[in-house]
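Add chain B to chain A, keeping to what the hints say.
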Amino acid sequence: MDGHINWHSFYFLLFGLTACVFSVAVVLTGSIVRMAFYLTLCLGATAGLFFLAGAGFVGAMQLLIYVGGTLVLLIFGVMLTAQGPFVNMKTRAGEWVIGGAAGLMLLGLLLQAAFRVEEWRGPPEGVATATAENAPPGEIGIRMLGKPGDNGKAVGKESGYLLPFEIVSVHLLVVLIGSAYLARTKRRRRASDPAEST
Amino acid sequence: MGFHEQIDALIDDTQRSLALFGPELALCGTIILLLLCRLVIGDRLSSTLVAFAGTVVGLVAALFSWSQVAGTSQEAFTGMLVIDSFTIYFRIFLLAFAVLFVVFTWRSGIPDREDAADFYTLALGSLLGMCLMVAANHLLMVFMAFEMASVPSYVLAGILKGRRKSSEAALKFAVYGAGAAGIMLYGISLIAGVTGTVHLPSIGASLANTMAADPSSSVLWVLGLGGLMVMVGLAFKLSAVPFHFWAPDVFEGAAAEVGGFLSVASKAAAIALLVRVAIGFGFVQEASAWVDAEDQSVVQTTNGVDQTSIASASGETTSQIFIAARIQDGNSASGQNSQDVQTTGADHQQGTDQQDTDQQSGDQQGTDQQGADQQTELTQPDESQLSPEQQAAEAERLAEEARALGIAQRREAQEVANESLGPVRTYISYLVGFLAAITCTFGNMAAYGQSNIKRLLAYSTIAHAGYMMFAVAGAIPSIGTSTTLAQDHISALAVYVAVYLFMNFTAFAIIAFLRNQTGSEEISSYAGLIRTSPGLAVCFSLLLMSLIGLPPLAGFAAKLLVFSALADSGLWVLLIVGALNTVISLFYYLRVIKAMCLDVPEEGQQVAVFPIWKNIDGWFIFLLTLPVVVLGLFWGPLREWALAACSQLLS
Chain A
2 MDGHINWHSF YFLLFGLTAC VFSVAVVLTG SIVRMAFYLT LCLGATAGLF FLAGAGFVGA
62 MQLLIYVGGT LVLLIFGVML TAQGPFVNMK TRAGEWVIGG AAGLMLLGLL LQAAFRVEEW
122 RGPPEGVATA TAENAPPGEI GIRMLGKPGD NGKAVGKESG YLLPFEIVSV HLLVVLIGSA
182 YLARTKRRRR ASDPAEST
Chain B
38 MGFHEQIDAL IDDTQRSLAL FGPELALCGT IILLLLCRLV IGDRLSSTLV AFAGTVVGLV
98 AALFSWSQVA GTSQEAFTGM LVIDSFTIYF RIFLLAFAVL FVVFTWRSGI PDREDAADFY
158 TLALGSLLGM CLMVAANHLL MVFMAFEMAS VPSYVLAGIL KGRRKSSEAA LKFAVYGAGA
218 AGIMLYGISL IAGVTGTVHL PSIGASLANT MAADPSSSVL WVLGLGGLMV MVGLAFKLSA
278 VPFHFWAPDV FEGAAAEVGG FLSVASKAAA IALLVRVAIG FGFVQEASAW VDAEDQSVVQ
338 TTNGVDQTSI ASASGETTSQ IFIAARIQDG NSASGQNSQD VQTTGADHQQ GTDQQDTDQQ
398 SGDQQGTDQQ GADQQTELTQ PDESQLSPEQ QAAEAERLAE EARALGIAQR REAQEVANES
458 LGPVRTYISY LVGFLAAITC TFGNMAAYGQ SNIKRLLAYS TIAHAGYMMF AVAGAIPSIG
518 TSTTLAQDHI SALAVYVAVY LFMNFTAFAI IAFLRNQTGS EEISSYAGLI RTSPGLAVCF
578 SLLLMSLIGL PPLAGFAAKL LVFSALADSG LWVLLIVGAL NTVISLFYYL RVIKAMCLDV
638 PEEGQQVAVF PIWKNIDGWF IFLLTLPVVV LGLFWGPLRE WALAACSQLL S
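Listed in order, the protein sequences are those of chains A and B. So for the first sequence, my numbering puts the first residue at 2; every next one is plus one. So for the second sequence, my numbering puts the first residue at 38; every next one is plus one.
Next up, chain A with everything else stripped away, as it sits in the complex (with noise of 0.2 Å):
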């Protein structure tokens, strides 16, 4: 294409290049901090991916939960109970010749899963097409609302997310509640020794 470089591949390949090699980067080290690091990485890749793919929200919602929250959040975990300054994690060689014969059988069905679907190869050389659309974000807040969907299609309703928005934070409590009681330290009942209630 005379010189043009066509820019979405390029950031294609760039994105799913840094999300397999730091996923790959992340099972192979053996240090925790540096896990949780390749992960960032790797998840920040994936948002990039899901931006391309034109579903803007999902890589924003990526970008916020998985690589603002929970990555943060596994940093400070390993920053804070860490005994030593490096925590290493040794695999044994069995270990690693059972876990990649299951990971690259698992590797194998998935690829044939992606590639047997004729509509998820794209189309075919040389045809334009409309690049997808964004769903707004009004819209998004509303099917959270509960408004049924409409999906275009014949077949099937697309239901309203009021019910999975709103019992998940039930959910939340409860699990917040779990990991409360998990991490509190269990006092002791005899009240004759107080030195050993800590």
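Bear in mind the hints are in silico, worked out from the structure with no lab data behind them. Any given hint could turn out to be false.
To be verified - Computed cross-link-like contacts, PhoX-like style, restricted to lysine-lysine with a CA-CA straight-line distance of at most 25 Å:
{"no.": "1", "chain 1": "B", "residue 1": "K209", "chain 2": "A", "residue 2": "K91"}
{"no.": "2", "chain 1": "B", "residue 1": "K202", "chain 2": "A", "residue 2": "K91"}
{"no.": "3", "chain 1": "B", "residue 1": "K198", "chain 2": "B", "residue 2": "K209"}
Unchecked claim - Here are some chain B residues the structure puts well away from chain A; computed CB gaps all over 10 Å:
{"no.": "4", "residue": "G39"}
{"no.": "5", "residue": "A445"}
{"no.": "6", "residue": "E558"}
{"no.": "7", "residue": "G565"}
{"no.": "8", "residue": "G572"}
Cβ atoms here follow ideal geometry from the backbone N, Cα and C, with glycine treated the same way.
Relative to the frame of chain A, chain B by itself:
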């Protein structure tokens, strides 16, 4: 529809759905009350009382909703949940279990003063998830309910803090659970990607299209993989082999109370979810829209108040034309009875020739505007001479006819669609049946060498998960051929689950009470129990014999129903595996009975003294053992109830 109408429709739907959501709301309210109560009072009794009151209210609400939804199954929250008699049966089951569980933990004393509020919050939160699992009608709800039921139970497994085994159990459970959930989610995304929908009944319809168009489509391979991955998640919840690794360690490490919770409630919810997913994939419901893949004609289901959509089809299935006609009863500007006829068939000309409805419209090419101008010649030669009342009556009659015709046509389409789903059902049946056979055999074999009673019961619950899955494997193939037969088979499962509650839960209760006295959960510590506490020993023996499936106990009735379902479906291999397993299970259950009744306690060994008549604990055990005997003799009513529960499943 304007924005305000949309909001009004939303409010209407939500109010209608909330009325069906009573038991879950009661659970949510109880969780919040527990937390508030802890702020103010904070002793053990108040937490237990709040939990007890909440679960009783939930149970009453669930029982009340049985009569409320006597008619047909309803979708709640715009298709997220389905509330039918099957849902309500399992909801009653789960909430009845919750009430018993609260009473049991109040007596056994595992949540102590400062843990009680947390313990009940977690247990009820998990139960809420299970209630949603039972009602799930949407793959998102399937996953969310799965997580809602699982995550609190990871903490419950580690409720005994400061014990190495307990913490190990919780960690193992959490890691396995996270892995299973991840795989299940991947499977769900594959299925959603291929079928283009996440609404369970629509998945069946979409699948039928694919099958009808090309039975050897490469897409099916991906769907099969997706189904397999969803099954991984369900197998984890059911503790089916090969995803059972967590079960023995968790049951041994966690308190017996939690073991009872996981083995009964969690398993019942998981098996109900398995039924829901299997039916969603292998059955096309009449109510859902179905598209004939060949000519892309549409049957539209309109839920509007003043619109009736009809579908008229004629000819062979290959040339089916569906014409969705909307009849409006005089709401148009001129106040006339007008019809607008939409042809959506690709070859509408043929459809016009063949259709024999009342609509003799000359030109069906038209848009809505053109269609609205047309009058039906047959019924309205001169519409100006008809009074508005006549017009309305006429419209009603037309709508009625159209509806009858539409129902007949849709039935036909449904049958065709269901026929094309045959291979899908075979796949599900084989998959579930295979897993059930190895689960059952492995569970029984591994239970043989156990010396810890909780570990033994863990393997026993694995084996029982296998028996329950037998019932599902037996029911799925008959979905396509005979609805009543399939309902009959699923009701065998419902009976099994109800009986299993009494057998297994009471066994765990006995283990907990004996642990409180001797501090041991080894089978050898039960030696000589028949002399010190004969009532308890007899109850425990009855429960174990019922778990084997010996007549005349309830376990026998349940097993008989499951096995007869297998025989009906012609799954003889599974039947033989099941029968052989029953024989194998005889030995390890009898070993416990032998320890109680024949073995002599060692020198200095503390033997529990547990009078069955003297205190509440004894009465609790006695009253829960009683149904195992009674249901073994008179299982007719339970069977009737289970049949009624399944009567709305395949409509």
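Hints, one by one, checked against the model:
no., hint, in the structure
1, B:K209 - A:K91, "holds, 19 Å"
2, B:K202 - A:K91, "holds, 23 Å"
3, B:K198 - B:K209, "holds, 15 Å"
4, G39, "holds, 13 Å"
5, A445, "holds, 21 Å"
6, E558, "holds, 21 Å"
7, G565, "holds, 32 Å"
8, G572, "holds, 32 Å"
Every hint from the earlier list agrees with this structure, and none is contradicted.
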